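Asker: These are the residues of each chain, in order.
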Amino acid sequence: MKKKITIGGIGSVLLGDDGIGPYVAGMLEAQYGFEEGVTVVDLGTPGLDLVAHLSGIDAAILIDSVKNDEPPGSVTIYRKEEILRLGPAPVRMDPHSPALSESLMIADLTGEGPSELVLIGITGQHYEAATGLSQTAEQAAEKCVEAVLAELDRLGISYWKLRKEPFSAWWNPIAEAHPSAENNLTAQPVLS
Amino acid sequence: MSTRITIDPITRIEGHLRVDVEVENNAVSNAWASCTMWRGIETILRGRDPRDAWMFTQRFCGVCTTVHAMASVRSVEDALKLPVPPNAQYIRNLILIAHGLHDHIVHFYQLSALDWVDILQIPKADPAAASRLAESLSPWPRNSRNEMKAAQDKVKAVAASGQLGIFQNGYWGHPAMRLSPEVNLIAFTHYVQALEYQRKALQVVGMLGSKTPHIQNLQVGGVANAIDLNSQSALTMDKLEQIHLLLAEVAQFVNQVYFVDVCAVAAMYPEWFKIGSGVTNYLAVPDLPLDSEAKAYDLPGGVIMQANIAGVQPFKTASDAVFRESVTEDVTHSYYEGSKPLQPWAGETEPQFTGWSADKKYSWVKSPRYKGQPMQVGPLSQVLVGYAQGHPLTKKYADMALQQVSAIAKVNATPAVLHSTLGRHAARAIRACMLSELADKHWNLLVNNIAKGDLAVCNPPEFKSGESEGVGTHEAPRGTLSHWIVVKDGKIKNYQAVVPSTWNASPRDQNGAHGPYEASLLHTPLARPQEPLEVIRTVHSFDPCMACACHTFDPSGKQIARVKVL
Numbered sequence: 001m002k003k004k005i006t007i008g009g010i011g012s013v014l015l016g017d018d019g020i021g022p023y024v025a026g027m028l029e030a031q032y033g034f035e036e037g038v039t040v041v042d043l044g045t046p047g048l049d050l051v052a053h054l055s056g057i058d059a060a061i062l063i064d065s066v067k068n069d070e071p072p073g074s075v076t077i078y079r080k081e082e083i084l085r086l087g088p089a090p091v092r093m094d095p096h097s098p099a100l101s102e103s104l105m106i107a108d109l110t111g112e113g114p115s116e117l118v119l120i121g122i123t124g125q126h127y128e129a130a131t132g133l134s135q136t137a138e139q140a141a142e143k144c145v146e147a148v149l150a151e152l153d154r155l156g157i158s159y160w161k162l163r164k165e166p167f168s169a170w171w172n173p174i175a176e177a178h179p180s181a182e183n184n185l186t187a188q189p190v191l192s
Numbered sequence: 001m002s003t004r005i006t007i008d009p010i011t012r013i014e015g016h017l018r019v020d021v022e023v024e025n026n027a028v029s030n031a032w033a034s035c036t037m038w039r040g041i042e043t044i045l046r047g048r049d050p051r052d053a054w055m056f057t058q059r060f061c062g063v064c065t066t067v068h069a070m071a072s073v074r075s076v077e078d079a080l081k082l083p084v085p086p087n088a089q090y091i092r093n094l095i096l097i098a099h100g101l102h103d104h105i106v107h108f109y110q111l112s113a114l115d116w117v118d119i120l121q122i123p124k125a126d127p128a129a130a131s132r133l134a135e136s137l138s139p140w141p142r143n144s145r146n147e148m149k150a151a152q153d154k155v156k157a158v159a160a161s162g163q164l165g166i167f168q169n170g171y172w173g174h175p176a177m178r179l180s181p182e183v184n185l186i187a188f189t190h191y192v193q194a195l196e197y198q199r200k201a202l203q204v205v206g207m208l209g210s211k212t213p214h215i216q217n218l219q220v221g222g223v224a225n226a227i228d229l230n231s232q233s234a235l236t237m238d239k240l241e242q243i244h245l246l247l248a249e250v251a252q253f254v255n256q257v258y259f260v261d262v263c264a265v266a267a268m269y270p271e272w273f274k275i276g277s278g279v280t281n282y283l284a285v286p287d288l289p290l291d292s293e294a295k296a297y298d299l300p301g302g303v304i305m306q307a308n309i310a311g312v313q314p315f316k317t318a319s320d321a322v323f324r325e326s327v328t329e330d331v332t333h334s335y336y337e338g339s340k341p342l343q344p345w346a347g348e349t350e351p352q353f354t355g356w357s358a359d360k361k362y363s364w365v366k367s368p369r370y371k372g373q374p375m376q377v378g379p380l381s382q383v384l385v386g387y388a389q390g391h392p393l394t395k396k397y398a399d400m401a402l403q404q405v406s407a408i409a410k411v412n413a414t415p416a417v418l419h420s421t422l423g424r425h426a427a428r429a430i431r432a433c434m435l436s437e438l439a440d441k442h443w444n445l446l447v448n449n450i451a452k453g454d455l456a457v458c459n460p461p462e463f464k465s466g467e468s469e470g471v472g473t474h475e476a477p478r479g480t481l482s483h484w485i486v487v488k489d490g491k492i493k494n495y496q497a498v499v500p501s502t503w504n505a506s507p508r509d510q511n512g513a514h515g516p517y518e519a520s521l522l523h524t525p526l527a528r529p530q531e532p533l534e535v536i537r538t539v540h541s542f543d544p545c546m547a548c549a550c551h552t553f554d555p556s557g558k559q560i561a562r563v564k565v566l
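Protein sequence lines, in the order shown, are assigned to chains Y and R.
Going by the working numbering, the first residue of the first sequence is number 1, and it counts up by one from there.
Going by the working numbering, the first residue of the second sequence is number 1, and it counts up by one from there.
For the record, the hints were derived by calculation from the structure and aren't laboratory data.
Predicted model, so just to flag it, every value in this text is computed and none were measured.
Beta carbons: idealized from backbone N, C-alpha and C, even for Gly.
Some hints could be false.
[Stated by the list, open to error] Straight line, CA to CA, 20 Å or less: simulated SDA-like cross-link-like pairs of lysine to any residue:
| no. | chain 1 | residue 1 | chain 2 | residue 2 |
| --- | --- | --- | --- | --- |
| 1 | R | K211 | Y | K80 |
| 2 | Y | K143 | Y | I157 |
| 3 | Y | K80 | R | Q163 |
[Stated by the list, open to error] Distance windows between CB atoms, simulated:
| no. | chain 1 | residue 1 | chain 2 | residue 2 | range |
| --- | --- | --- | --- | --- | --- |
| 4 | R | E325 | Y | R85 | 18 to 28 Å |
| 5 | Y | E142 | R | D359 | 45 to 55 Å |
| 6 | Y | D58 | R | Q163 | 22 to 32 Å |
| 7 | R | Q168 | Y | E165 | 19 to 29 Å |
| 8 | Y | M1 | R | Q163 | 31 to 41 Å |
| 9 | R | E350 | Y | P71 | 25 to 35 Å |
| 10 | R | P415 | Y | K4 | 42 to 52 Å |
[Claimed, not checked] Negatives, chain R to chain Y, calculated, CB over 12 Å:
| no. | residue |
| --- | --- |
| 11 | D52 |
| 12 | L111 |
| 13 | Q121 |
| 14 | L137 |
| 15 | R178 |
| 16 | P181 |
| 17 | Q193 |
| 18 | E196 |
| 19 | K295 |
| 20 | Q352 |
| 21 | K360 |
| 22 | P392 |
| 23 | D440 |
| 24 | G466 |
| 25 | A513 |
All chains should be built: construct the whole structure from the sequences, respecting the hints.
Answerer: Listed below in structure tokens is the structure:
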């Protein structure tokens, strides 16, 4: 049986560097191929809907912006035990840190949670309502991709590079927007 | 002497809602609802192509993605007066139905059931007795002793670990918790099962929308699904059959579990039919259009003022002229500049943060008003405006719910009990039953239309020079959503989203009238003011979602106190 792996980018593309998760997911999808069983998904800001994406899989690799004491652009790895230790948010649920640990706990409660989960965290710089990443975050994206690939190596999952073109996100500011990147006006979606 | 209690935040999903109440003689004497973070996301849309707007609005909220996508394409279609092919209407409707079913199930089990169900009573339950009771209420095949025992073992394992894990923050043992150990166990067994069925509903959204959580198949003018019953890359009969099967499984769960549980829990807390009414002006828009030009709908809309059900004013269409003229937003108590209420098309969002002040500005939420009045939105509004118009499907399930509650509680529950905290829960379950019946209907409409040879999915939009206004509405799981767009020379000139939680969570307006959350909390009795479970019950009954803000992961796990008593 092939392992089921979910690589998920978390964050809001409308809030500056919070979009780093979807950005890295977009890069991986555009530039790499993966063995069967690997799903790359832009999860947005799913709250408890994350439970569905964490259920019935062997491992999850999540990419998200983080708030820690590292300088902007740093990449820090957090593993399942550390995330579970945070517990469900009693309160000031910094909106999805609770949803992440809470979703993981619910998935585990049903016995369907992933045995391994890693969060690749990028310390962001700007979180105002705006589209597009800061230069610092954009540079960190490359490091994130490497961290994801290293994690796949550790799990024994194969992948290959598809092409080297620079990735351009559809949500970039108007001047540099590339509406055809994910735009259905020109491409018919494939139903799966 | 009153005590001030601050609850910050109250949603289990995502933060940013703060509620302050003043308590006198163990009852709420005053209330303030506020949102603690500015969005202002609409400004990102100015200058962009209206055909792309839905991809951005879909990112407003990570939980209600599809609803903002749908309202957005409808706003542009309204500005262009562009009809949508029947196939596109049915495919959109099926997505909206599946998303709504998912949302209602999650809301009851994962987000609010534990306000009524005491997890710590579960180890004391007799699984055989729980099974017998559940089987006496419903034909659901998964109410066996073994199912109950397995769920009980999960709770015992969590309790034995010494820490309560996922359940560590409930108000367990609170005097307002009153269910028997067996009923608590039944509800928790279904809490676990609900996770499976909500996922099936999401699968339908993914199959039709090509991805979830962000659907990819919308277009201004229709959808992008290629229909070819014989091609693997298109919408085939195979996929349609799978979708039909999934929807039928979800419908069974809704009818035999969710609806039954809500009626049973409600019947055991009958006093909550008298608590939490608040604003009894109700607003709902028609939805699930049945034809290309959206002249007929399967969900009725309209307005009820001051609980006057007989005086209901129906809306003929989803962008009814009266609706368009009657909505304004007031910023008297919101952190924005501006002195008079504005129509959304002329809406401004210039921030003016002053800090929380009980009698001045205290929220980032604006105060939407309808003809100057605060309105409650959500499933209760939709059910009441439908019931008032004699809408057969609404009446069918609403009467069934009232009969079931009456039978279990041995009372005579009339439609008037729905103006309450429990009424909002009951209405959501009623609406879920309606949606699951409509899922089958709209699936058949789609399949029959395709079988006639109609494969059209989109009418491409054409933009002319000059300015036009449009409003796109959707009766979303949390209530009336409207997107207001001004298009000029093919570009977006202004864009405002008036979301359901804004109607319900709105602060006071220029006349000092409370918003629905605030009004619903007044006079609520509190058994233990330092543990305001009753306040949380009422606020959760609205299904708040203030999300839409930053989602940065905080590994320090720093948390401010859940409840602060001053």
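Asker: Hint by hint, note whether the structure agrees.
Answerer: We went through each hint and held it up to the structure:
Distance restraint check for R/K211 and Y/K80: the Cα-Cα separation of roughly 26 Å exceeds the 20 Å cut-off, and the hinted pair is therefore not satisfied. A distance of roughly 19 Å separates the Cα atoms of Y/K143 and Y/I157; the hinted pair therefore holds under the 20 Å criterion. Distance restraint check for Y/K80 and R/Q163: the Cα-Cα separation of roughly 17 Å lies within the 20 Å cut-off, and the hinted pair is therefore satisfied. In this structure the supplied range 18 to 28 Å is violated for R/E325 paired with Y/R85, their Cβ-Cβ distance being about 55 Å.
For Y/E142 and R/D359, the Cβ-Cβ distance of about 52 Å falls inside the hinted range of 45 to 55 Å, so the restraint holds. Distance hint check: the CB atoms of Y/D58 and R/Q163 are about 26 Å apart, consistent with the given range 22 to 32 Å. At about 48 Å, the beta-carbon gap between R/Q168 and Y/E165 misses the expected band of 19 to 29 Å. Checking the proposed 31 to 41 Å range against Y/M1 and R/Q163 shows it holds: the Cβ atoms sit about 33 Å from each other.
Checked against the hint of 25 to 35 Å, the C-beta distance between R/E350 and Y/P71 comes to roughly 33 Å, which is consistent with it. A C-beta distance of roughly 48 Å is found between R/P415 and Y/K4, which places it inside the suggested range of 42 to 52 Å. Chain Y draws R/D52 into its interface by the beta-carbon criterion, the shortest separation being 6 Å against a cut-off of 12 Å. With a least beta-carbon separation of about 7 Å from chain Y, R/L111 fails to lie farther than 12 Å from that chain, contradicting its non-interface assignment.
With a cut of 12 Å on Cβ distances, R/Q121 stays outside the contact zone with chain Y, its closest approach being about 18 Å. Its beta-carbon lying about 24 Å from the closest one in chain Y, R/L137 satisfies the requirement of being farther than 12 Å from that chain. At roughly 23 Å from the closest C-beta of chain Y, the C-beta of R/R178 stays outside 12 Å, upholding its exclusion from the interface. Distance to chain Y confirms R/P181 as a non-interface residue, since its nearest Cβ pair spans about 19 Å, more than 12 Å.
Against the 12 Å criterion, R/Q193 falls within the reach of chain Y, whose nearest CB is about 9 Å from its own CB. Residue placement check: R/E196 does not keep its beta carbon more than 12 Å from all beta carbons of chain Y (closest about 8 Å). The claim that R/K295 is not at the interface with chain Y holds, since no C-beta of that chain comes within 12 Å of its own (minimum 27 Å). A cut-off of 12 Å between C-beta atoms confirms that R/Q352 is not in contact with chain Y; the least separation is 16 Å.
Distance to chain Y confirms R/K360 as a non-interface residue, since its nearest Cβ pair spans about 24 Å, more than 12 Å. Residue placement check: R/P392 keeps its beta carbon more than 12 Å from all beta carbons of chain Y (closest about 33 Å). Chain Y leaves R/D440 outside its interface by the beta-carbon criterion, the shortest separation being 21 Å against a cut-off of 12 Å. Annotated as non-interface, R/G466 keeps its C-beta farther than 12 Å from every C-beta of chain Y; the closest such distance is 21 Å.
Taking the minimum C-beta to C-beta distance to chain Y, about 29 Å, the non-interface status of R/A513 holds against the 12 Å cut.
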